[in-house]
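Be aware that the sequence shown starts at 1, since it is given in the numbering used here, and climbs by one per residue.
Bear in mind the hints are in silico, worked out from the structure with no lab data behind them. From the three backbone atoms N, C-alpha and C, an ideal C-beta is built for every residue, glycine too. Fair warning: there could be bad hints in the mix.
[What the hints assert, rightly or not] Cut-off 25 Å, straight-line C-alpha distance, at most; resulting in silico cross-link-like pairs (PhoX-like, lysine-lysine):
no.	residue 1	residue 2
1	Lys-24	Lys-71
2	Lys-19	Lys-42
3	Lys-99	Lys-77
4	Lys-3	Lys-24
5	Lys-24	Lys-42
6	Lys-60	Lys-24
7	Lys-71	Lys-60
8	Lys-99	Lys-71
9	Lys-42	Lys-60
10	Lys-42	Lys-77
11	Lys-3	Lys-71
12	Lys-77	Lys-19
13	Lys-3	Lys-77
14	Lys-47	Lys-19
[Stated by the list, open to error] Each pair of labels, with its calculated beta carbon distance range:
no.	residue 1	residue 2	range
15	Lys-60	Ala-83	16 to 24 Å
16	Gln-87	Lys-24	26 to 34 Å
17	Asn-26	Val-59	28 to 36 Å
18	Glu-45	Pro-105	23 to 31 Å
19	Ala-83	Asn-109	29 to 37 Å
20	Glu-45	Ala-12	19 to 27 Å
21	Lys-117	Thr-23	13 to 21 Å
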Amino acid sequence: MAKTVLIVDDAAFMRMMLKDILTKANYQVIGEANNGQEAVEKYQELKPDFVTMDITMPVKDGIQAIKEIKKMDPNAKIIVCSAMGQQAMVIESIQAGAKDFIVKPFQPNRVIEALQKLE
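Using the sequences plus the hints, can you model the full thing?
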(Lines of atoms letter the chains of each structure in order from A and count residues from 1; the text may use other names and numbers.)
(Lines give C-alpha, C1' and ligand atoms only; values in the text may rest on other atoms or scores of the structure.)
Protein backbone atom coordinates (compact mmCIF):
# COMPACT_ATOMS: atom_id res chain seq x y z
CA MET A 1 0.00 0.00 0.00
CA ALA A 2 1.35 3.42 -0.98
CA LYS A 3 2.44 5.77 1.79
CA THR A 4 0.41 8.98 1.94
CA VAL A 5 1.84 12.50 1.92
CA LEU A 6 0.49 15.98 2.68
CA ILE A 7 2.44 18.69 0.83
CA VAL A 8 2.60 22.10 2.50
CA ASP A 9 4.07 25.05 0.59
CA ASP A 10 2.77 28.51 -0.26
CA ALA A 11 4.22 28.25 -3.78
CA ALA A 12 1.97 26.26 -6.14
CA PHE A 13 4.99 25.53 -8.34
CA MET A 14 6.84 23.87 -5.43
CA ARG A 15 3.78 21.79 -4.51
CA MET A 16 3.54 20.67 -8.14
CA MET A 17 7.23 19.73 -8.25
CA LEU A 18 7.04 17.77 -5.01
CA LYS A 19 3.84 16.04 -6.08
CA ASP A 20 5.54 14.97 -9.32
CA ILE A 21 8.62 13.62 -7.48
CA LEU A 22 6.50 11.77 -4.90
CA THR A 23 3.97 10.21 -7.27
CA LYS A 24 6.77 8.94 -9.54
CA ALA A 25 8.25 7.24 -6.46
CA ASN A 26 4.88 5.58 -5.68
CA TYR A 27 3.83 7.84 -2.81
CA GLN A 28 0.21 8.95 -2.73
CA VAL A 29 -0.26 12.71 -2.34
CA ILE A 30 -3.56 12.94 -0.46
CA GLY A 31 -3.58 16.66 0.17
CA GLU A 32 -1.96 20.03 -0.31
CA ALA A 33 -1.95 23.13 1.88
CA ASN A 34 -0.59 26.59 1.13
CA ASN A 35 -0.09 27.83 4.69
CA GLY A 36 0.51 26.50 8.19
CA GLN A 37 -3.10 26.93 9.33
CA GLU A 38 -4.35 24.85 6.41
CA ALA A 39 -1.61 22.28 7.10
CA VAL A 40 -2.83 21.72 10.66
CA GLU A 41 -6.47 21.38 9.52
CA LYS A 42 -5.61 19.01 6.64
CA TYR A 43 -3.34 16.90 8.85
CA GLN A 44 -6.18 16.41 11.32
CA GLU A 45 -8.60 15.53 8.54
CA LEU A 46 -6.37 13.33 6.33
CA LYS A 47 -3.92 11.72 8.80
CA PRO A 48 -1.10 11.33 6.23
CA ASP A 49 1.95 9.09 6.77
CA PHE A 50 4.27 12.01 5.96
CA VAL A 51 4.19 15.80 5.68
CA THR A 52 6.55 17.97 3.64
CA MET A 53 6.53 21.41 5.26
CA ASP A 54 7.75 24.77 4.02
CA ILE A 55 8.87 27.21 6.73
CA THR A 56 8.11 30.69 5.42
CA MET A 57 4.38 30.94 4.66
CA PRO A 58 1.53 33.39 5.22
CA VAL A 59 -1.08 33.03 8.03
CA LYS A 60 1.02 30.59 10.07
CA ASP A 61 4.63 29.60 9.43
CA GLY A 62 5.87 26.04 9.15
CA ILE A 63 7.52 25.94 12.57
CA GLN A 64 4.27 26.91 14.31
CA ALA A 65 2.38 24.34 12.22
CA ILE A 66 4.92 21.62 13.12
CA LYS A 67 4.43 22.36 16.83
CA GLU A 68 0.63 22.15 16.52
CA ILE A 69 0.70 18.94 14.47
CA LYS A 70 3.15 17.31 16.92
CA LYS A 71 0.84 18.28 19.80
CA MET A 72 -2.04 16.47 18.03
CA ASP A 73 0.10 13.55 16.90
CA PRO A 74 3.48 13.07 18.61
CA ASN A 75 4.35 10.45 15.96
CA ALA A 76 3.83 12.76 12.97
CA LYS A 77 6.61 12.39 10.38
CA ILE A 78 7.37 15.87 9.07
CA ILE A 79 10.14 16.81 6.66
CA VAL A 80 10.92 20.48 6.24
CA CYS A 81 11.48 21.66 2.65
CA SER A 82 12.73 25.20 2.64
CA ALA A 83 14.96 27.56 0.71
CA MET A 84 16.19 28.99 3.97
CA GLY A 85 19.52 27.32 4.48
CA GLN A 86 19.84 29.24 7.73
CA GLN A 87 21.16 27.20 10.59
CA ALA A 88 18.75 28.74 13.10
CA MET A 89 15.67 27.79 11.05
CA VAL A 90 16.90 24.22 10.59
CA ILE A 91 17.58 23.85 14.31
CA GLU A 92 14.25 25.44 15.26
CA SER A 93 12.27 23.17 12.94
CA ILE A 94 14.05 20.05 14.24
CA GLN A 95 13.42 21.15 17.83
CA ALA A 96 9.77 21.71 16.93
CA GLY A 97 9.61 18.07 15.83
CA ALA A 98 10.61 17.85 12.17
CA LYS A 99 12.47 14.65 11.32
CA ASP A 100 14.58 15.93 8.44
CA PHE A 101 15.35 19.02 6.38
CA ILE A 102 15.61 19.38 2.61
CA VAL A 103 16.93 22.56 1.05
CA LYS A 104 15.30 24.03 -2.08
CA PRO A 105 15.89 23.67 -4.94
CA PHE A 106 15.89 20.00 -4.02
CA GLN A 107 17.11 16.93 -5.82
CA PRO A 108 14.33 14.35 -6.36
CA ASN A 109 16.48 11.54 -4.94
CA ARG A 110 17.14 13.56 -1.76
CA VAL A 111 13.37 13.98 -1.22
CA ILE A 112 12.72 10.24 -1.62
CA GLU A 113 15.73 9.36 0.53
CA ALA A 114 14.40 11.55 3.36
CA LEU A 115 11.00 9.84 3.26
CA GLN A 116 12.44 6.32 3.02
CA LYS A 117 14.59 6.93 6.11
CA LEU A 118 11.40 7.56 8.09
CA GLU A 119 9.41 4.54 6.87
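Right, here's what the structure says about each hint:
1. Lys-24 - Lys-71: 31 Å, violated
2. Lys-19 - Lys-42: 16 Å, holds
3. Lys-99 - Lys-77: The hint holds at about 6 Å.
4. Lys-3 - Lys-24: 13 Å, holds
5. Lys-24 - Lys-42: OK: Lys-24 and Lys-42 at ~23 Å, within 25 Å.
6. Lys-60 - Lys-24: Given pair Lys-60, Lys-24 is violated - Cα atoms ~30 Å apart, limit 25 Å.
7. Lys-71 - Lys-60: 16 Å, holds
8. Lys-99 - Lys-71: 15 Å, holds
9. Lys-42 - Lys-60: 14 Å, holds
10. Lys-42 - Lys-77: Holds, because 14 Å separates the two Cα atoms, which is no more than 25 Å.
11. Lys-3 - Lys-71: Distance of about 22 Å is within 25 Å: holds.
12. Lys-77 - Lys-19: 17 Å, holds
13. Lys-3 - Lys-77: 12 Å, holds
14. Lys-47 - Lys-19: Since the Cα atoms of Lys-47 and Lys-19 sit roughly 17 Å apart, the hinted pair holds (cutoff 25 Å).
15. Lys-60 - Ala-83: 16 to 24 Å: Since Lys-60 and Ala-83 have Cβ atoms about 18 Å apart, the given range 16 to 24 Å holds.
16. Gln-87 - Lys-24: 26 to 34 Å: Once the Cβ atoms are compared, 31 Å apart, the range 26 to 34 Å for Lys-24 and Gln-87 holds.
17. Asn-26 - Val-59: 28 to 36 Å: 32 Å, holds
18. Glu-45 - Pro-105: 23 to 31 Å: 30 Å, holds
19. Ala-83 - Asn-109: 29 to 37 Å: 19 Å, violated
20. Glu-45 - Ala-12: 19 to 27 Å: Given about 20 Å between the Cβ atoms, the range holds.
21. Lys-117 - Thr-23: 13 to 21 Å: Holds, at about 19 Å.
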